[in-house]
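Let the sequences and hints guide you as you build the complete structure.
Listed here are the chains, written in short residue letters.
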Amino acid sequence: MLISLNWIKEYINLDDISTEEIVDKLTYCGLEVDEVIDKGKDLKDFVVGFVKECGKHPNADKLSKCVVFDGEKDWSVVCGANNVAKGQKIIFAPTGTYIPGADFTLKKTNIRGEVSEGMICSEKELLLGNDHNGIMVLDEALIEGTPIAVALNVDDVQLEIAITPDRADALSHYGIARELAALFDRDVKKPVVKLSESDQDIKDLASVEVENVEDCPRYSAKVVTDVTIQESPEWLKKTLNSIGLRPINNVVDVTNFVLHELGQPLHAFDLDRLSGKKIIVKSAGEDQKFTTLDSKIQNVKAEDLFICDGDKPVALAGVMGGENSEVIDSTTNILIESAYFRPSRIRRTAKLVGISSDASYRFERGCNPAQTVFAAERAAQLIAELGGGKIAKGTIDVYPNKIEPLIVELRYERIEKILGYNVPLDSVILILNKLDLKVLKEDFGVLTVSVPPLRPDIEREIDLIEEVARIYGYDKIPEVTRVNVTLEKKTDQSEFVANAKKTLIGMGFNEIITNSLMTDEVAGKFGKSIPVLNPSSTSMSHLRTSLIPGALSTIAKNINVRENNLMLFEVGKTFNKISEGKIEDFSDFVEKEELTLVITGNNTNAEWYEKERKNDVYDLKGFVDEFLNKMSLDYMLQDSKNVKDSSIYSVCYSKIFKKEEYAVGGKINYKILKSFDIGQDVFVFTLNITELKKLRRKTVKFNELLKYPKMVRDAAFILDKNILNSDIELVIRKACSKLLKNIKLFDIFESDSLGEGKKSMAYQLEFYDESRTLTEEEVDSDFWKAIESVKSKFSAQLRGH
Amino acid sequence: MQDKIQQITEGFEAEISAVKDLKMLEELRLQYLSKKGLVSVLLEEFKQLPVDQKKELGQVVNKMKNQIQDRFNSVKTELEESGSVTDEFIDLSLPGRKKNIGTKHILTQTLDEIKDIFRVLGFSVQEGPELESDYYNFEALNFAPDHPARDMQDTFFVNEKFVLRTHTSPVQIRLMEEKKPPIRAIMPGKVYRNEAVSAKSYCLFHQVEGLYIDTDVTFAELKGMLISFVKQFFGEDTPYRFRKSFFPFTEPSAEMDIWWQPSGKEGRWMEILGCGMVDPNVLKNVGIDPEIYSGYAFGMGVERTAMRKYGIDDIRVFFDNDKRFLVQF
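Which chain is which? The protein sequence lines are A and B, in order. This note's numbering puts the first residue of the first sequence at 51, with every later residue one more than the last. This note's numbering puts the first residue of the second sequence at 46, with every later residue one more than the last.
Just so you know, the hints here were simulated from the structure itself, not pulled from any lab data. Don't take every hint at face value.
[To be verified] In silico negatives: residues of chain A with every beta carbon more than 12 Å from chain B: (1) E259; (2) K467; (3) S586; (4) M681.
[Unchecked claim] Straight-line Cα separation of at most 30 Å, DSBU-like style, residue types lysine-lysine; simulated pairs: (5) B:K144 / A:K607; (6) A:K526 / B:K354; (7) A:K89 / B:K144; (8) A:K744 / B:K235; (9) A:K401 / B:K235; (10) B:K144 / A:K744; (11) A:K539 / B:K276; (12) B:K235 / A:K578; (13) B:K225 / A:K540; (14) B:K225 / A:K488; (15) A:K632 / B:K160; (16) B:K160 / A:K552; (17) A:K642 / B:K160; (18) B:K149 / A:K540; (19) A:K467 / B:K354.
We treat Cβ as the ideally placed atom computed from N, Cα and C, and that holds for glycine.
This is the structure:
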């Protein structure tokens, strides 16, 4: 909200207080000042100048050579504008002035042989307007040397204040003045309304009926007759300009003025356009269309509140007036509406039609029901003054159930209990009274406080404690130097993932964090996606069903900047629907924490000590197994071939335990890669962290270190190419006793010498016993059994024997 | 034989004087002291001699053997202790064989740093869902259904009952429902805001919230805790201020700013966190008696904090995952 300090000063004397102090105090107490715009300061070097002489520049047709008098001395100025002339009063900037509209500081220059010691300015150069068609010519009556900010009446400071949603009372100049009065302990002056009313009774001119009292607890109205719609006087236009409002005509300007003065939204109806000279406040009753005064057709629901005349709706209550009753140039008789509407009603309607007007903004936060009559009178007085109208006698005020001040009790000892420091009792009482929160009595440490309806945010003891704290000052809260630490059992739910990340980083992976929102198409390809009701763009319309698309996009982007060799991982949530229907409950979707690791490009680059080698599926397997081992998860998970995910992978396998899949991955297929514009192999593995967490061995047991020697035997077989390593290992294991502890495949090769369709596989078998040293004979016995078994099962030959 | 002995002794002495490193010494050992070395061969020959000659030469042979062995040992010790440099050509200007260690995302690093500070201060770490019900995200946190406070956070809705959580505060509610006070925990995680993506805002960011509920928790203690955090995280001399704000779930509420002084630019106050005393309505919603217990809560954005700390001026860079960015941290 934009606030003019000059306007504020109409209600409070702030002469001896600097802008900085005001900004600080407001900010500390909860009215945060985001920006200070000090026109006077920005324009401090500009003055009114008088063009004493003006002639053609001897060496340039389009330039003029002038002499400008600034009240003290003459300056030579070369000017490029074609509207400069002798005898004008102009804006003059001497050498050294910073020109805000052009962002430079003036220097003495020589323009085509003529010295120029200053500049005659346009309004754009001072950021006063957009006009740069020549210089700005000023009123002749102005005196040379007068600062421009004063001459043009822009000597004001504007404050951009962020008002939190609880502070409806601060949404006006008078409201801010009231706050400043409490902060600086001084008085606030309410505008004085002196009405000279005509003999004509308002009851003979108009009537108001409120059918829906719940949504409209109070409706006040004044009538002004014989008004001339015309331009507002300078002071009013300037006042509205000072907070960035565009003046329209005297009636509209007055309603805007009072809204920003008192915070009470008003609406002016053309009384003669109200059928039956009647106002009826009632719910729409049925869904219908209504044209607001911005000429837009709104779809209104049955429960929305209308202001109607004798036969039709004329305004969408609290949100915007209708086109059919707005004040037009020919209007003469005016009904001023000053009402209090139920905040939640206005908010729902404003949301529905998508309008946030100055009025609805205030009504939905809660206006002050106690000041409707005062605001209507204030507006009537101003309209009569500015439009030459007559104020009808009396006020219509439909207010069947008066909203009384709320009585709230404040236990003094609770202040220290909550805040942790002492605020003296007399300070508490002083602060509350200054805020119009009247302390009615103080009994045995209990303060009885009367909260006026202008503060709907204060309902409870704790709300009063906050008021005390903020005015007393958050900066006065003592800095404690020790705190309590409770000793209950501590847990860290992020520990598993933290360890997983550490492990992967040790293995050389870079962590990425990608967007959880993606397109419908991509999300659908990887799972049963959940759409967002109000996406900000189609590229982010669905929740991610998998971490893979994010990883693939990241790879594509990196390849674009020639980062082709990547080892990446992400830990994050994925979201998948369970059933096709609507999400009614947490059981209708799965939110899973997953870890996806991807490798692409080279595993090793060409270096002086090694050759370039591309990543392949065995690199992926190695990373996955090493990771699971370090995470103490390897002992139960088994590899299992997987064909079901062929829409994503060209090679795919899973990690399973008791037939449940805990992780899956492989080589991404060509189609998917193409859709991400990736032209190199990508290997991916995704682990279900949510489930793996449950599977993880809680404590790892120590294994006694082996006290007896290990014995090893090597054997190489020539066998058919398509025989699986796992089958061979199984046969070896079956053939041997339990003395065989480990089997290691240490060589595979194919060559013509082995015969077509053959390969050689070399194994090292490791034997030991925890309780004794083995004999050569028993090891050899196992070893030869294994060899014979492999030979017969796979028609294999033993090499080198 | 005598001549032979002398020959070996002299030959050994000449060679060992020329020894420069352990490798040469090892060659010498093989030549003289190994099983088939000159000394061993001589000893074999000695064994074949008649008894009288053995008697005569016994001492000389022994002396020679011991002398050579001693001399060898002393040179060996000398060389080992001197760490003698080899003559082998080694180009130390070659790059070493690369060992690749990865990187944690800078947001994770920042989050870890924040977590570490609060864990030392006795906070547990608690997590919760990102696709959250309206009840946990708003209603239980004292956001009335039609209150303008709901506009403070631009929300992504899945439907009228489910939203992408706009803060990690729903985890506070879940925790308080689950556990009786004392409760002392932080809640890190992703949150979502329906804002246009720009240098300053992204559709999601990371937050860390904290909650402490017990019988004597005060606003002054909250301020003290957060000052301690700011000093630990941003540096001992960081100027800060604590000012009133509004959140539906805390009363009184505050925001904390730190003074931000980018080099070469004008300094200004920058908000880093919101906080306050847990609103009695929130405590009632989870069945905790606000007459007995009080508590504080606070929350901060991780991206913003990291941007402050590392001088990053575009939030989108965190989610681009350009390797050239990732490996910087």
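Discussion item. For K526 of chain A and K354 of chain B, compute the direct alpha-carbon distance and say whether it is at most 30 Å.
Written reply: holds, 28 Å
Worksheet entry | Given hint K488 of chain A paired with K225 of chain B - CA-CA distance at most 30 Å | violated, 38 Å
Discussion item. Just to be careful, I want the Cα atoms of K160 of chain B and K552 of chain A compared with a cutoff of 30 Å; is the pair within it?
Written reply: Holds, because 15 Å separates the two Cα atoms, which is no more than 30 Å.
Discussion item. Check the hint pairing K401 of chain A with K235 of chain B against an upper bound of 30 Å on the C-alpha distance.
Written reply: holds, 28 Å
Worksheet item: For the pair supplied as a hint, K149 of chain B and K540 of chain A, is the alpha-carbon distance within the 30 Å limit?
Response: holds, 25 Å
Worksheet item: Closest CB-CB distance from K467 of chain A to chain B, is it above 12 Å?
Response: violated, 7 Å
Fill in: Given as non-interface: M681 of chain A, partner chain B, CB spacing beyond 12 Å
M681 of chain A is indeed farther than 12 Å from all Cβ atoms of chain B, at 16 Å.
Discussion item. K225 of chain B and K540 of chain A were given as a pair; does the straight-line alpha-carbon distance stay at or below 30 Å?
Written reply: holds, 14 Å
Worksheet item: Are the Cα atoms of K632 of chain A and K160 of chain B separated by 30 Å or less?
Response: With a Cα-Cα distance of about 37 Å, the restraint between K632 of chain A and K160 of chain B is violated, given a limit of 30 Å.
Worksheet item: Does the claim that S586 of chain A lies off the interface hold, with its Cβ farther than 12 Å from every Cβ of chain B?
Response: Incorrect as stated: the minimum Cβ-Cβ distance to chain B is 6 Å, not above 12 Å.
Worksheet item: Does the claim that E259 of chain A lies off the interface hold, with its Cβ farther than 12 Å from every Cβ of chain B?
Response: Since the minimum Cβ distance to chain B is about 26 Å, E259 of chain A lies beyond 12 Å and the statement holds.
Worksheet item: Within 30 Å, alpha carbon to alpha carbon, are K144 of chain B and K607 of chain A?
Response: Distance of about 25 Å is within 30 Å: holds.
Taken one by one, the earlier hints fail for this structure at numbers 2, 3, 7, 10, 14, 15, 19, listed in ascending order.
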